[in-house]
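Since the structure of chain A is already known, use the hints to place chains B and C on it.
Note that the protein sequences, when read in sequence, are chains A, B and C.
Residue numbers in the first sequence follow the numbering used here, run continuously in steps of one, and reach 474 at the last position.
Residue numbers in the second sequence follow the numbering used here, run continuously in steps of one, and reach 474 at the last position.
Residue numbers in the third sequence follow the numbering used here, run continuously in steps of one, and reach 474 at the last position.
Treat the hints as calculated values from the structure; they're not laboratory data.
Hints may contain errors.
Claimed, not checked - Using 27 Å as the maximum straight-line C-alpha spacing, the simulated DSSO-like pairs for lysine-lysine come out as follows:
(1) Lys448/B x Lys116/C
(2) Lys458/A x Lys448/C
(3) Lys116/B x Lys458/A
(4) Lys465/C x Lys469/B
(5) Lys458/B x Lys465/C
(6) Lys465/C x Lys458/A
(7) Lys116/B x Lys448/A
(8) Lys465/B x Lys116/C
(9) Lys465/B x Lys465/A
(10) Lys458/C x Lys458/B
(11) Lys116/C x Lys458/B
(12) Lys116/C x Lys465/A
(13) Lys448/A x Lys116/C
(14) Lys448/A x Lys465/B
(15) Lys458/B x Lys465/A
(16) Lys458/A x Lys469/C
(17) Lys465/B x Lys469/C
Stated by the list, open to error - Distance windows between CB atoms, simulated:
(18) Asn407/B x Asp202/C: 19 to 29 Å
(19) Lys469/C x Ala461/A: 16 to 26 Å
(20) Asp300/C x Pro428/A: 48 to 58 Å
(21) Gln162/A x Arg455/B: 52 to 62 Å
(22) Arg142/C x Gln321/A: 28 to 38 Å
As the list claims (entries may be wrong) - Pulled from the structure, derived: some chain A residues nowhere near chain B, Cβ distances all over 12 Å:
(23) Ser131
(24) Gly144
(25) Ala208
(26) Asp262
(27) Gly268
(28) Val276
Yeah, the Cβ is synthetic: ideal placement off N, Cα and C, and Gly gets one too.
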Amino acid sequence: MTGHSIKDIAASLGAEAFGDTSIIVTGVAEPGRAGPADLAMAMSARYADQLAQGAARAAVIGAGMDWQALGLQAAIVAPRPRVAMAHVTRAMDAGPGIAPGLHPSSVIDASARIGAGAAIGPFVVIGADVVIGPRARIASHVSIADGAVIGADALVLQGARVGARVVIGDRVILHPGCVIGADGFSFVTPDTSQVERSRASLGRADSAVAPQGWTRIHSLGAVRLGDDVEIGANATIDRGTLADTTIGDGTKLDNMVHVGHNCRIGRDCLLCGQVGIAGSVTIGDRVVLGGQTGVADNLEIGSDVVTGASTIILSTVPPGRALLGYPAVRMEAQVDMYKALRRLPRLAKTVADLQKAVFKSDKTP
Amino acid sequence: MTGHSIKDIAASLGAEAFGDTSIIVTGVAEPGRAGPADLAMAMSARYADQLAQGAARAAVIGAGMDWQALGLQAAIVAPRPRVAMAHVTRAMDAGPGIAPGLHPSSVIDASARIGAGAAIGPFVVIGADVVIGPRARIASHVSIADGAVIGADALVLQGARVGARVVIGDRVILHPGCVIGADGFSFVTPDTSQVERSRASLGRADSAVAPQGWTRIHSLGAVRLGDDVEIGANATIDRGTLADTTIGDGTKLDNMVHVGHNCRIGRDCLLCGQVGIAGSVTIGDRVVLGGQTGVADNLEIGSDVVTGASTIILSTVPPGRALLGYPAVRMEAQVDMYKALRRLPRLAKTVADLQKAVFKSDKTP
Amino acid sequence: MTGHSIKDIAASLGAEAFGDTSIIVTGVAEPGRAGPADLAMAMSARYADQLAQGAARAAVIGAGMDWQALGLQAAIVAPRPRVAMAHVTRAMDAGPGIAPGLHPSSVIDASARIGAGAAIGPFVVIGADVVIGPRARIASHVSIADGAVIGADALVLQGARVGARVVIGDRVILHPGCVIGADGFSFVTPDTSQVERSRASLGRADSAVAPQGWTRIHSLGAVRLGDDVEIGANATIDRGTLADTTIGDGTKLDNMVHVGHNCRIGRDCLLCGQVGIAGSVTIGDRVVLGGQTGVADNLEIGSDVVTGASTIILSTVPPGRALLGYPAVRMEAQVDMYKALRRLPRLAKTVADLQKAVFKSDKTP
Numbered sequence: 110m111t112g113h114s115i116k117d118i119a120a121s122l123g124a125e126a127f128g129d130t131s132i133i134v135t136g137v138a139e140p141g142r143a144g145p146a147d148l149a150m151a152m153s154a155r156y157a158d159q160l161a162q163g164a165a166r167a168a169v170i171g172a173g174m175d176w177q178a179l180g181l182q183a184a185i186v187a188p189r190p191r192v193a194m195a196h197v198t199r200a201m202d203a204g205p206g207i208a209p210g211l212h213p214s215s216v217i218d219a220s221a222r223i224g225a226g227a228a229i230g231p232f233v234v235i236g237a238d239v240v241i242g243p244r245a246r247i248a249s250h251v252s253i254a255d256g257a258v259i260g261a262d263a264l265v266l267q268g269a270r271v272g273a274r275v276v277i278g279d280r281v282i283l284h285p286g287c288v289i290g291a292d293g294f295s296f297v298t299p300d301t302s303q304v305e306r307s308r309a310s311l312g313r314a315d316s317a318v319a320p321q322g323w324t325r326i327h328s329l330g331a332v333r334l335g336d337d338v339e340i341g342a343n344a345t346i347d348r349g350t351l352a353d354t355t356i357g358d359g360t361k362l363d364n365m366v367h368v369g370h371n372c373r374i375g376r377d378c379l380l381c382g383q384v385g386i387a388g389s390v391t392i393g394d395r396v397v398l399g400g401q402t403g404v405a406d407n408l409e410i411g412s413d414v415v416t417g418a419s420t421i422i423l424s425t426v427p428p429g430r431a432l433l434g435y436p437a438v439r440m441e442a443q444v445d446m447y448k449a450l451r452r453l454p455r456l457a458k459t460v461a462d463l464q465k466a467v468f469k470s471d472k473t474p
Numbered sequence: 110m111t112g113h114s115i116k117d118i119a120a121s122l123g124a125e126a127f128g129d130t131s132i133i134v135t136g137v138a139e140p141g142r143a144g145p146a147d148l149a150m151a152m153s154a155r156y157a158d159q160l161a162q163g164a165a166r167a168a169v170i171g172a173g174m175d176w177q178a179l180g181l182q183a184a185i186v187a188p189r190p191r192v193a194m195a196h197v198t199r200a201m202d203a204g205p206g207i208a209p210g211l212h213p214s215s216v217i218d219a220s221a222r223i224g225a226g227a228a229i230g231p232f233v234v235i236g237a238d239v240v241i242g243p244r245a246r247i248a249s250h251v252s253i254a255d256g257a258v259i260g261a262d263a264l265v266l267q268g269a270r271v272g273a274r275v276v277i278g279d280r281v282i283l284h285p286g287c288v289i290g291a292d293g294f295s296f297v298t299p300d301t302s303q304v305e306r307s308r309a310s311l312g313r314a315d316s317a318v319a320p321q322g323w324t325r326i327h328s329l330g331a332v333r334l335g336d337d338v339e340i341g342a343n344a345t346i347d348r349g350t351l352a353d354t355t356i357g358d359g360t361k362l363d364n365m366v367h368v369g370h371n372c373r374i375g376r377d378c379l380l381c382g383q384v385g386i387a388g389s390v391t392i393g394d395r396v397v398l399g400g401q402t403g404v405a406d407n408l409e410i411g412s413d414v415v416t417g418a419s420t421i422i423l424s425t426v427p428p429g430r431a432l433l434g435y436p437a438v439r440m441e442a443q444v445d446m447y448k449a450l451r452r453l454p455r456l457a458k459t460v461a462d463l464q465k466a467v468f469k470s471d472k473t474p
Numbered sequence: 110m111t112g113h114s115i116k117d118i119a120a121s122l123g124a125e126a127f128g129d130t131s132i133i134v135t136g137v138a139e140p141g142r143a144g145p146a147d148l149a150m151a152m153s154a155r156y157a158d159q160l161a162q163g164a165a166r167a168a169v170i171g172a173g174m175d176w177q178a179l180g181l182q183a184a185i186v187a188p189r190p191r192v193a194m195a196h197v198t199r200a201m202d203a204g205p206g207i208a209p210g211l212h213p214s215s216v217i218d219a220s221a222r223i224g225a226g227a228a229i230g231p232f233v234v235i236g237a238d239v240v241i242g243p244r245a246r247i248a249s250h251v252s253i254a255d256g257a258v259i260g261a262d263a264l265v266l267q268g269a270r271v272g273a274r275v276v277i278g279d280r281v282i283l284h285p286g287c288v289i290g291a292d293g294f295s296f297v298t299p300d301t302s303q304v305e306r307s308r309a310s311l312g313r314a315d316s317a318v319a320p321q322g323w324t325r326i327h328s329l330g331a332v333r334l335g336d337d338v339e340i341g342a343n344a345t346i347d348r349g350t351l352a353d354t355t356i357g358d359g360t361k362l363d364n365m366v367h368v369g370h371n372c373r374i375g376r377d378c379l380l381c382g383q384v385g386i387a388g389s390v391t392i393g394d395r396v397v398l399g400g401q402t403g404v405a406d407n408l409e410i411g412s413d414v415v416t417g418a419s420t421i422i423l424s425t426v427p428p429g430r431a432l433l434g435y436p437a438v439r440m441e442a443q444v445d446m447y448k449a450l451r452r453l454p455r456l457a458k459t460v461a462d463l464q465k466a467v468f469k470s471d472k473t474p
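The following block holds chain A by itself, in its conformation from the complex (with noise of 0.2 Å):
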């Protein structure tokens, strides 16, 4: 990690400096945990303490902290720490240590178009007509089937999947074991099946149909991702059916995020860990949807839309709504349905009361 002054840190950060400018970090670390190379984050006042236990001798601090105070040397001062942070995480990641060049074990088609300073690492393999972007740097591993297209400065890692042409965006990164362009899950019987009778009379067609079996509908789609999207490591993007399956500008999926045939995601959303979303479903721009939170298929999203953690979507959602639960319904709603469920117990015991009291009898006549 080469080092960088305090003065040019905050230069990139926009923000002011104080003490002794000059002085080189090397490192980032916690405030309890920091050397005398490393630069603190200590953003709030509650790290006033461990600042005192470790080393630094400067740090990133909140507005209205008083580096003196602290015992620091040198400071920036932050107004919005996680912009911060993102900043300086930037500016000393050693990066993904991929080599410039082709390696020599790699295999690559004659066909295919390799950027200038692009990396490529070994055992790739690259399909027939397979573009790659000037300086895109793909992990050992990887495999990009014929016909994909990967932009500019895209970053592809280890084991990463990249189906027959899919397109991928400028300065995409796809972390180690993501799939993206496997076959949508689309089978139909030759039949009325179980399942749909099952939806159509929500449940109350109990009765056994006759067997068969499933017939698939091949994915004759792709995947295309805007520029600067993030897919997590192990998460999975199927192909659409005819048209393709669409992710746009700016939008971030975690680890083992998956996405059905014929989805349509849009611009700057956030879709954190393990969320699930079924077959054609459309969802607006910057929504966020919290941890494990699954769509089912075919519904609308709204742009702004916010879920907290395991929400499980049933049903179409307006713009710029909070949900929560199973089903979900706006996070306030949802608050005041659980808090009446925990008194329900008490509740019941009480209209026993009242059911005897009015009635003569734990009887209704």
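This is chains B and C only, laid out in the frame that chain A set:
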């Protein structure tokens, strides 16, 4: 993509065709995006406007639609639209692009038997005594461990992992990154553990037990997949402890489905995205589990059971039931419970009013 | 599988053996499927009939069972059956079949230090300054990035990904496809985001904020796994932001478990299939989380906590609690709430009757 005449497609569907059935199509598309060489899939009346926006000359339409009024030159009439979709997409699928023959980079044990016409891609590892069926296709980066058997015409996609002694039927498809035959998650403590006590007492025994570590129960069984099974991207199926974990003919698992050790799943089931089945669960035939459904260990799920999204099954289920919710109950009962829960805050208010009227106090006497 | 005498197996179990203890067994099987060379695992009386169906001459039986009446020629009596299962399956496990030595296809950086007796399979990539412990076994297609450390006797299975500077203890098992050390899911907007507002207002502030994109907070920390840890197939553990994400000695994670950045998990925990832990969660020792359990970010879970399947934890949990439900409450309270909920539609009817009787109207006055 090679061309097909409308006449030939109709014949393969067993459907009637009208108009100039000699028209050749080279692709399939949604009506609004179809070009003149595409077959538009316009299987209900709501696609009429989109057909006008696109440039399709030929379409698959639903029963009762008037192809001439839709401005088409040729049409195929499909009585069951999704069945038509299955046939047409299959005919038009370019396939996974696995080159014939054995790629020289692959490491294939001398004792492995490779069937006639099988294809093996780059960086594949095939262990001792493995049997690969005729015409099976193995994509790049796959590993197939000692003694595993892959059926005829099977398709094993990028980076799939097949464990030792796993047996895979004919025409099975393993999607990228799935792991068939990892060890079961089975551990024991020397003495009674906290979790055993909790289960026995339903959580009433909260006092901590003496700390102890976990000893592993090894998995000596394997996994056995029937014919025509599909396993989704990054899905995992664990080996049995003594006998094999088994999945019956025609059953399809979506992406990131987890099947625990010792499970026995019947034929023609559908397990949607992120379903999790704990150890030693028995599931009948034609069961359809919605996305994120969970099944606790050691349960039996009867044939023809259907669950809605995110249903959590904590007790054995008789055949034919349609379930929803956490914990799972009949869909119909769940909807009633849920409606009552939504009205519960108002109900609590009503009871408080009654209490006041009857007991002249907000306290029960 | 090599053979073992009944006498030797009993000695390794510290258990008593009866009958002809010189009998050699070469496998282990369920009683009904056991052949004459198998040791049947028949550890409760309900296996008596199955023993008769099978052909086992020797079995492990439970305390109080009569081996001669069961028709056996030899028996081992196990007071705690699953402990016996652990020992016997370990003795009979043929192992992962990783050939000794370094496979010539692997790409191993010259600066890496490989311990004595370590084995490295085909198509493995090992980065700069990596340390591989003595007798560690690395299966095919694994990647181990710069500066990572793998402990003695560790087992890293097919396609596992170990990120830069990750430290893995002795005897750790990484199952196929797991990703240790992906980047944390941590983003910030330049100004207050929709999700920050929703959290602050509990969803009451539904008005959209000005559109803005997400800036990445890079992960400079690594992941540190203690000794005897197991990580399931396709599981993912993210790096810490500044300090390491840590998992204590003896903790086992099942398939597709997700552990977010900055988590600190104690020792001897079990995290079952598809559990998801959001960022910055602290978990004590001996915690057992049932399948699909979710834990929201920045919470603390005390030691000896146990959760039922699919429990969703949205607030901090004191030590020793047994929890169930969404949101998680004590198992006992959850069962009471759930029973009351099932009766709620009937309760609503009773209240309506009371309302009519008391107020002579179905409206509250």
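Per the hint of 52 to 62 Å, is the separation of the Cβ atoms of Gln162/A and Arg455/B within bounds? 54 Å, holds
Between Lys448/A and Lys116/C, is the straight-line Cα distance small enough, at 27 Å or below? Not OK: Lys448/A and Lys116/C at ~61 Å, beyond 27 Å, violated.
Range first: 48 to 58 Å. Now tell me if the beta carbons of Asp300/C and Pro428/A are that far apart. About 19 Å separates the Cβ atoms of Asp300/C and Pro428/A, which means 48 to 58 Å is violated.
Within 27 Å, alpha carbon to alpha carbon, are Lys465/B and Lys469/C? 15 Å, holds
Would you mind confirming whether the straight-line C-alpha gap from Lys465/C to Lys458/A stays at or under 27 Å? Holds: Lys465/C and Lys458/A sit about 19 Å apart, inside 27 Å.
Consistency of beta-carbon spacing, Asp202/C to Asn407/B, with hint 19 to 29 Å: Hint holds: Cβ distance 23 Å, inside 19 to 29 Å.
Verify the proposed pairing of Lys458/A with Lys469/C, using a straight-line Cα cut of 27 Å. With a Cα-Cα distance of about 23 Å, the restraint between Lys458/A and Lys469/C holds, given a limit of 27 Å.
Hey, Lys116/B versus Lys448/A, does the alpha-carbon distance stay inside 27 Å? 64 Å, violated
Distance restraint hint 28 to 38 Å, applied to the beta-carbon atoms of Arg142/C and Gln321/A: 32 Å, holds
Holds or violated: are the alpha carbons of Lys465/B and Lys465/A at most 27 Å from each other? Status holds; Cα separation ~15 Å.
Quick one, are Lys116/C and Lys465/A close enough, alpha carbons at most 27 Å? 70 Å, violated
When you check the alpha-carbon spacing of Lys458/A and Lys448/C, does it fall within 27 Å? Holds. Lys458/A to Lys448/C sits at ~13 Å (cutoff 27 Å).
Hint violations for this structure: numbers 1, 3, 7, 8, 11, 12, 13, 20 and 27, all remaining hints satisfied.
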